[in-house]
Amino acid sequence: MPQKNMLSLHVPEPEVRPGGTPDFSNVPIPKAGSVPRPEVNVDPRAIRDLAYSIIRVLNREGEAVGPWAGTLTDEELLEGLRHMMTLRAFDARMQMAQRQGKTSFYMQHMGEEAVSCAFRKALLPGDMNFPTYRQAGLLIAGGYPMVEMMNQIYSNERDPLKGRQLPVMYASKEHGFFSISGNLTTQYIQAVGWAMASAIRNDTKIAVGWVGDGATAESDFHAALVFASTYKAPVVLNIVNNQWAISTFQGIARGGSGTFAARGLGFGIPALRVDGNDYLAVHAVAKWATERARRNLGPTLIEHVTYRVGAHSTSDDPSAYRPKEESAAWPLGDPVLRLKNHLIVRGLWSEERHKQAEAEILDTVIAAQKEAESHGTLHAGGKPSARDMFEGVYAEMPPHLRRQRQQAGV
Amino acid sequence: MPQKNMLSLHVPEPEVRPGGTPDFSNVPIPKAGSVPRPEVNVDPRAIRDLAYSIIRVLNREGEAVGPWAGTLTDEELLEGLRHMMTLRAFDARMQMAQRQGKTSFYMQHMGEEAVSCAFRKALLPGDMNFPTYRQAGLLIAGGYPMVEMMNQIYSNERDPLKGRQLPVMYASKEHGFFSISGNLTTQYIQAVGWAMASAIRNDTKIAVGWVGDGATAESDFHAALVFASTYKAPVVLNIVNNQWAISTFQGIARGGSGTFAARGLGFGIPALRVDGNDYLAVHAVAKWATERARRNLGPTLIEHVTYRVGAHSTSDDPSAYRPKEESAAWPLGDPVLRLKNHLIVRGLWSEERHKQAEAEILDTVIAAQKEAESHGTLHAGGKPSARDMFEGVYAEMPPHLRRQRQQAGV
Amino acid sequence: MPRKTMIEAIRDAMDVSMGKDDNVVVFGEDVGYFGGVFRCTQGLQQKYGVTRCFDAPISELGIVGAAIGMAAYGLRPCVEVQFADYVYPAYDQIVSEAARIRYRSNGEFTCPMVIRMPTGGGIFGGQTHSQSPEALFTHVSGLKVVVPSNPHDAKGLLIASIEDPDPVIFLEPKRLYNGPFDGHHDRPVTPWSKHPLGEVPDGHYSTPLGKAVIRRQGADVTILAYGTMVYVAEAAAEETGIDAEIIDLRTLLPLDLDAIVASVKKTGRCVVVHEATLTSGFGAELAALVQQHCFYELEAPIARVTGWDTPYPHAQEWDYFPGPARVGQALRETMEA
Amino acid sequence: MPRKTMIEAIRDAMDVSMGKDDNVVVFGEDVGYFGGVFRCTQGLQQKYGVTRCFDAPISELGIVGAAIGMAAYGLRPCVEVQFADYVYPAYDQIVSEAARIRYRSNGEFTCPMVIRMPTGGGIFGGQTHSQSPEALFTHVSGLKVVVPSNPHDAKGLLIASIEDPDPVIFLEPKRLYNGPFDGHHDRPVTPWSKHPLGEVPDGHYSTPLGKAVIRRQGADVTILAYGTMVYVAEAAAEETGIDAEIIDLRTLLPLDLDAIVASVKKTGRCVVVHEATLTSGFGAELAALVQQHCFYELEAPIARVTGWDTPYPHAQEWDYFPGPARVGQALRETMEA
Ligand SMILES: Cc1ncc(C[n+]2csc(CCOP(=O)(O)OP(=O)(O)O)c2C)c(N)n1
Ligand SMILES: Cc1ncc(C[n+]2csc(CCOP(=O)(O)OP(=O)(O)O)c2C)c(N)n1
Ligand SMILES: [Mg+2]
Ligand SMILES: [Mg+2]
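In order, the protein sequences belong to chains P, F, B and C.
The letter at position 395 of the first sequence is residue 395 when you use my numbering, and the numbering goes up by one with no holes.
The letter at position 200 of the second sequence is residue 200 when you use my numbering, and the numbering goes up by one with no holes.
The letter at position 172 of the third sequence is residue 172 when you use my numbering, and the numbering goes up by one with no holes.
The letter at position 333 of the fourth sequence is residue 333 when you use my numbering, and the numbering goes up by one with no holes.
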């Protein structure tokens with residue numbers, strides 16, 4: 001006999017599971033151009049609504065509308081399209097390389113290309129990103145050589161990380177790309193610390209933190225908001241809400257009636273949600289937030305609303321936990337297509353030029369891949385040495401490691 | 001030459017330091033009775049304002065006013081006054097006992113008595129608190145024997161915790177008082193887990209978490225809000241904002257333009273601020289939140305706005321970091337005086353009866369102290385054995401501990 | 001008797017425990033609907049409902065902290081940390097809370113819970129999918145630490161852990177999930193279906209914590225091993241032809257010291273192997289105990305064969321892994337010493 | 001030469017370092033305006049301003065995580081964790097991040113930082129103000145671990161740590177802050193002003209990491225100790241009349257193995273002492289190394305005298321603490337073995 005007033009546990013579930021028909025009609029999508037653009041020095045209390053809306057620029061007709069439009073020149077838009085197409089081609093080739101056994105692991109960006117590619121264009125030399133494994137667009141759009149990325153992915157003899165790291169865990173100081181950690185969210189508070197350091201030294205550089213929707217549940221997320229808000233650190237904190245965290249949907253991390261962006265409100269941090277599949281919107285919001293940071297006005301929290309079209313990684317198969325057709329039903333569309341359409345509407349691009357560009361980009365990626373493979377792949381050809389394994393634990397190798405290296409005979 | 005646009009680090013500072021004149025005129029204090037009382041099943045989105053206000057019942061004239069008044073009978077109010085007076089007397093004696101070397105350490109509640117004493121009266125047998133070291137009012141108001149508390153403080157031969165724990169780190173399952181941890185905030189997520197367990201078992205019991213303003217910065221705070229919101233756990237999460245965390249003022253943990261309560265909003269958790277020095281307001285809010293939990297409506301976050309009048313602990317001297325007069329300037333007054341005045345205004349109490357009660361309570365406390373001291377104090381008289389030190393690490397003592405106990409010769 | 005993989009055996013242990021006791025609940029990242037990234041909890045949500053087996057937010061602190069609260073209530077949570085490499089955010093809750101609640105409250109509150117986590121390398125998982133952090137738990141009074149090496153034990157030990165009144169760290173060598181692995185990464189692995197220890201009785205049985213087992217009788221030297229290294233030790237004994245006695249410790253804390261001492265007193269020599277880094281690894285404790293208790297019987301220094309004192313590298317995985325060649329070398333040196 | 005307490009020496013080290021290098025910043029809970037609960041940072045905010053020495057929110061994770069970011073930028077943060085017992089929330093940042101950033105990025109990014117924390121018991125601090133977690137750091141490749149035992153070393157080692165290019169865990173035995181403590185809790189403590197090692201040179205000097213020092217020459221047995229236990233060992237040698245050689249390790253990682261081996265080869269006997277719990281304590285590593293490198297010279301089993309394998313109790317503090325009586329007993333047994 002059930003007790004009166006008995007409690008029960010609520011466990012959030014996505015609306016649809018494999019076999020069901022995807023339905024995002026309950027996801028409120030504000031019209032492009034409808035969200036106001038406040039001054040960057042606005043009182044955070046005045047813009048709490050922005051944490052519950054979605055800033056969008058490109059409308060269904062492919063036009064750029066509203067107060068957030070106009071932050072990019074025609075050339076910049078064309079370049080942006082190329083970056084996203086390059087990242088997509090890069091992903092496809094590396095995904096295949098992993099299937100061919102040339103490396104152990106890969107993680108792609110399908111559907112999320114706009115987020116990192118567009119954000120990168122709001123940054124200046126010297127700024128520092130603290131990325132996750134799904135922001136390679138920061139490197140592509142920042143001009144980091146693809147062949148270096150591939151050398152890392154292949155753990156070959158030219159791998160800048162000497163074979164020590166899992167594929168895609170790039171690091172480049174020059175390109176403002178902090179060493180990716182396999183441990184989720186640790187980098188978020190580090191971004192705040194880096195920004196604090198810049199402020200302590202009266203520098204002009206800013207930091208950018210990155211985290212996924214699922215990983216916002218980790219403790220480092222809280223520490224980052226606490227420190228960013230207390231010290232008004234010049235940092236932009238990005239949340240890439242791609243709806244999924246491996247097999248769990250965003251409701252497991254989000255809960256209740258909040259949004260991920262709204263987590264900033266309790267700290268008095270301006271919080272914005274942006275259409276992450278809209279290159280123009282991401283760029284505009286990135287501009288706004290980075291300007292706030294540069295003007296010493298403090299941190300901004302940005303939730304990029306997007307969708308992870310592919311599997312979590314090459315170790316994952318999403319058909320086990322979500323309908324295959326879900327990505328097609330996703331109401332914010334595909335970032336590459338949307339920017340392409342916009343450029344066509346603007347008369348700056350055509351289907352033909354797009355095809356041509358696709359072919360050119362593929363050639364470039366393949367050329368890079370050939371070069372990288374000439375330096376080896378994980379199980380064949382040139383590779384980092386066992387000696388490299390013992391180096392770099394410390395600046396100077398202490399006696400016990402020297403003994404161990406000797407014992408290993410390398 | 002300072003660089004253009006150069007950044008600088010913001011380090012929050014309290015308005016006044018020792019030597020200065022305390023001034024709380026910038027602390028907005030809403031009028032008693034002015035904050036509406038929503039239904040407990042309200043949509044959390046509709047009451048976000050409550051996270052930025054202060055619910056108050058007792059006005060300056062000592063009258064109980066507004067929609068949150070009326071949750072307590074006359075007897076209950078009189079009992080509440082006695083609890084707070086008892087806690088204060090208990091604190092004074094134990095503080096003195098520590099000075100006399102009868103124990104190593106003590107932590108008092110001066111100024112914060114209403115919070116735990118009033119909250120306790122909204123709980124039912126079987127409910128479980130996950131307290132910090134500054135909620136002994138839960139035990140006093142719950143009828144836990146004072147002499148047991150003192151036995152623990154003295155680590156004497158009757159110490160229910162066998163001398164293992166630092167003074168004031170009480171634990172009593174029967175009295176719904178979870179074992180206090182010396183590590184801040186760890187108990188907050190445990191409270192959520194306990195509440196989840198109750199919901200999983202379709203039980204009716206609820207959990208209550210407690211944390212200080214400073215300790216909200218810890219990671220466990222975030223984990224608690226994430227889990228509470230995701231699983232709609234039947235838990236009340238209390239933040240006791242007593243303005244200080246040892247030597248740091250609440251601005252170091254709070255930052256920005258937020259309030260501690262507002263941290264709940266991003267999670268869709270109803271968040272209320274209450275006058276923590278107002279016994280009636282604390283009780284009314286506790287009633288509201290516990291009813292939400294009991295009706296399976298999910299978690300509530302409550303910020304109790306109060307002031308730590310005494311030192312952080314017997315190891316602390318606040319005159320080093322805040323003006324001595326600051327507590328007197330605190331605009332929410334003294335909880336004991338305020339309830340006393342209310343009862344006098346109501347004709348239920350008088351100065352004379354108050355004095356008499358004070359004397360009676362002191363006698364009771366002294367009698368308990370005598371009894372406790374007959375069982376020993378930290379450095380004199382009966383004490384737990386060295387054998388007790390080896391017990392209870394595991395349910396059954398494993399061989400290595402048996403060997404060690406033998407080696408110790410006990 | 002049915003043969004099961006280690007994954008199936010572990011799943012079976014949870015299934016049996018959940019069936020037997022309503023207080024057993026299972027949760028963690030991706031463990032609910034999906035059944036865990038290694039599929040150890042597959043089907044449990046379907047069978048026992050979403051409130052007995054569910055997905056958790058990505059917060060190891062939250063998972064363990066909530067489990068502690070549940071255990072205090074009276075449940076017996078068995079939670080999964082997706083990889084042992086990700087346990088550190090929960091370390092405070094484990095060390096300061098789970099391990100000490102019984103002691104500090106004098107038994108008013110207790111913490112019967114299991115934290116399962118895949119451990120060890122050999123899958124090209126790089127520094128964050130390969131670690132063996134057992135020694136970070138064996139130093140903590142109040143915890144128990146278990147490392148099964150085969151499906152039969154995995155099921156029995158996991159049931160015993162779930163039924164244990166105290167918190168248990170349950171480390172699952174992921175390289176063993178599908179078959180015993182002897183460190184010869186270039187040879188095909190035997191599946192559990194072909195290995196006698198893949199025989200897993202149906203239903204409830206439990207393997208006591210704190211008891212080691214001799215996997216190979218031998219006269220010349222004692223090898224102390226656990227998890228994957230048991231098979232590496234077997235291969236090394238085979239290949240060197242040295243008559244090694246191999247002890248599978250199974251539980252590191254509390255340790256079966258008697259079994260260890262009896263063997264080393266017999267053989268007079270001892271080699272300790274583990275995959276974790278050398279310095280302050282659990283091998284240090286084993287060596288310290290063995291020299292203390294078998295000093296007069298020891299004919300050679302105790303050797304430790306372990307992972308090197310570096311993070312677990314990606315490309316150099318097989319240079320890092322303490323395979324049969326290195327163990328064999330240590331055996332020979334120990335015999336010649 | 002001026003005499004200083006350990007607190008003053010530590011403060012002096014930070015003062016000298018901040019004066020010499022603008023990149024040195026100091027922060028932590030209560031360390032800014034107030035100067036730290038043990039007053040180690042008193043006056044630094046006044047002298048160097050609020051952006052060089054400041055109060056932090058109560059988040060050890062945040063303190064260490066932010067410091068890592070600062071170190072990556074190019075600063076040299078020296079942060080305080082209020083008690084070593086409270087370091088666990090930062091454990092993931094230390095183990096997974098600080099320790100591995102140089103390695104995993106192949107030097108693109110580095111992490112020169114110091115985490116200072118008071119450690120050890122003897123002040124009736126109960127389980128949460130008494131712990132000695134050094135072994136939880138010595139197992140982590142990429143970290144350095146330092147434990148000074150006196151004001152002179154404390155200053156020199158802290159300066160060396162701040163100038164070190166890699167992350168350093170700097171454990172300050174709080175029972176030594178005001179004077180050497182030999183474990184005789186019922187006798188008055190000599191203040192540092194009366195002890196030769198209280199002599200602390202002004203200005204900049206540094207004591208190299210990785211170098212042990214012999215505190216007492218002896219012929220019969222080697223005692224390996226660090227922090228508070230150095231004085232306990234001295235008292236035990238004195239009281240038993242056994243001619244012990246006492247080595248103060250000072251740095252646990254990297255370890256001065258040469259100094260240890262040379263001494264044990266000379267004396268043929270070894271007693272290891274520390275305050276941390278026994279199992280998997282740093283003494284295990286020491287014993288493992290000593291038996292390995294001095295096997296043929298050892299005339300008796302290596303003894304370990306440590307805290308018991310329980311949480312640090314409040315009332316039974318002096319039953320728990322491995323005082324001179326217990327060390328003396330081990331010395332006698334080792335001599336007679
Ligand atoms: C501390 C930690 N816990 C768990 C994992 C395992 N893990 C890797 S990615 C992932 C999901 C992350 O999801 P999200 O943050 O949404 O990022 P996305 O992959 O969608 O970009 C999990 C659980 C990890 N890497 N680190
Ligand atoms: C994990 C951890 N870090 C630091 C401390 C040291 N400490 C004890 S109380 C305290 C201040 C807490 O302030 P607050 O949360 O505001 O509670 P209050 O004392 O004011 O009630 C600190 C820093 C601790 N006990 N645990
Ligand atoms: Mg995601
Ligand atoms: Mg406080």
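Wrong hints could be hidden among the right ones.
With a cut-off of at most 16 Å between alpha-carbon atoms, the simulated EDC-like pairs for lysine to aspartate or glutamate come out as follows [what the hints assert, rightly or not]:
#1 Lys4/P - Glu75/F
#2 Lys370/P - Glu76/P
#3 Lys121/P - Glu396/P
#4 Lys266/B - Glu239/B
#5 Lys265/C - Glu297/C
#6 Lys194/C - Glu163/C
#7 Lys47/B - Asp15/B
#8 Lys20/C - Asp243/C
#9 Lys4/F - Asp203/P
#10 Lys266/C - Asp243/C
#11 Lys121/F - Glu61/F
#12 Lys173/F - Glu239/B
#13 Lys173/F - Glu157/F
#14 Lys370/F - Asp203/F
#15 Lys287/P - Glu157/P
#16 Lys211/B - Glu291/F
#17 Lys266/C - Asp319/C
#18 Lys173/P - Glu299/C
#19 Lys4/F - Glu291/P
#20 Lys4/P - Glu291/F
#21 Lys121/P - Glu63/P
#22 Lys266/C - Glu239/C
#23 Lys211/C - Asp203/P
#24 Lys194/C - Asp243/C
Chain F stretches covered by chain B per the calculated footprint, using a threshold of three residues with CB under 8 Å from any CB of chain B [unchecked claim]:
#25 19-30
#26 109-121
#27 139-153
#28 258-269
#29 382-394
#30 398-404
Note that these hints are calculated values from the structure, not bench results.
Owing to the predicted nature of the structure, the values given are computational and were not obtained by experimental measurement.
Cβ coordinates follow ideal geometry from the N, Cα and C atoms, glycine included.
So, going through the hints one by one against the coordinates:
no. : hint                : verdict
1   : Lys4/P - Glu75/F    : violated, 29 Å
2   : Lys370/P - Glu76/P  : violated, 29 Å
3   : Lys121/P - Glu396/P : violated, 38 Å
4   : Lys266/B - Glu239/B : violated, 22 Å
5   : Lys265/C - Glu297/C : holds, 6 Å
6   : Lys194/C - Glu163/C : violated, 30 Å
7   : Lys47/B - Asp15/B   : holds, 9 Å
8   : Lys20/C - Asp243/C  : violated, 43 Å
9   : Lys4/F - Asp203/P   : holds, 10 Å
10  : Lys266/C - Asp243/C : holds, 12 Å
11  : Lys121/F - Glu61/F  : violated, 25 Å
12  : Lys173/F - Glu239/B : violated, 58 Å
13  : Lys173/F - Glu157/F : violated, 20 Å
14  : Lys370/F - Asp203/F : violated, 41 Å
15  : Lys287/P - Glu157/P : violated, 39 Å
16  : Lys211/B - Glu291/F : violated, 50 Å
17  : Lys266/C - Asp319/C : violated, 33 Å
18  : Lys173/P - Glu299/C : violated, 55 Å
19  : Lys4/F - Glu291/P   : holds, 14 Å
20  : Lys4/P - Glu291/F   : holds, 14 Å
21  : Lys121/P - Glu63/P  : violated, 21 Å
22  : Lys266/C - Glu239/C : violated, 22 Å
23  : Lys211/C - Asp203/P : violated, 38 Å
24  : Lys194/C - Asp243/C : violated, 25 Å
25  : 19-30               : violated (count 0)
26  : 109-121             : violated (count 0)
27  : 139-153             : violated (count 0)
28  : 258-269             : violated (count 0)
29  : 382-394             : holds (count 3)
30  : 398-404             : holds (count 3)
Violated hints, in rising order: 1, 2, 3, 4, 6, 8, 11, 12, 13, 14, 15, 16, 17, 18, 21, 22, 23, 24, 25, 26, 27, 28; the structure is consistent with all others.
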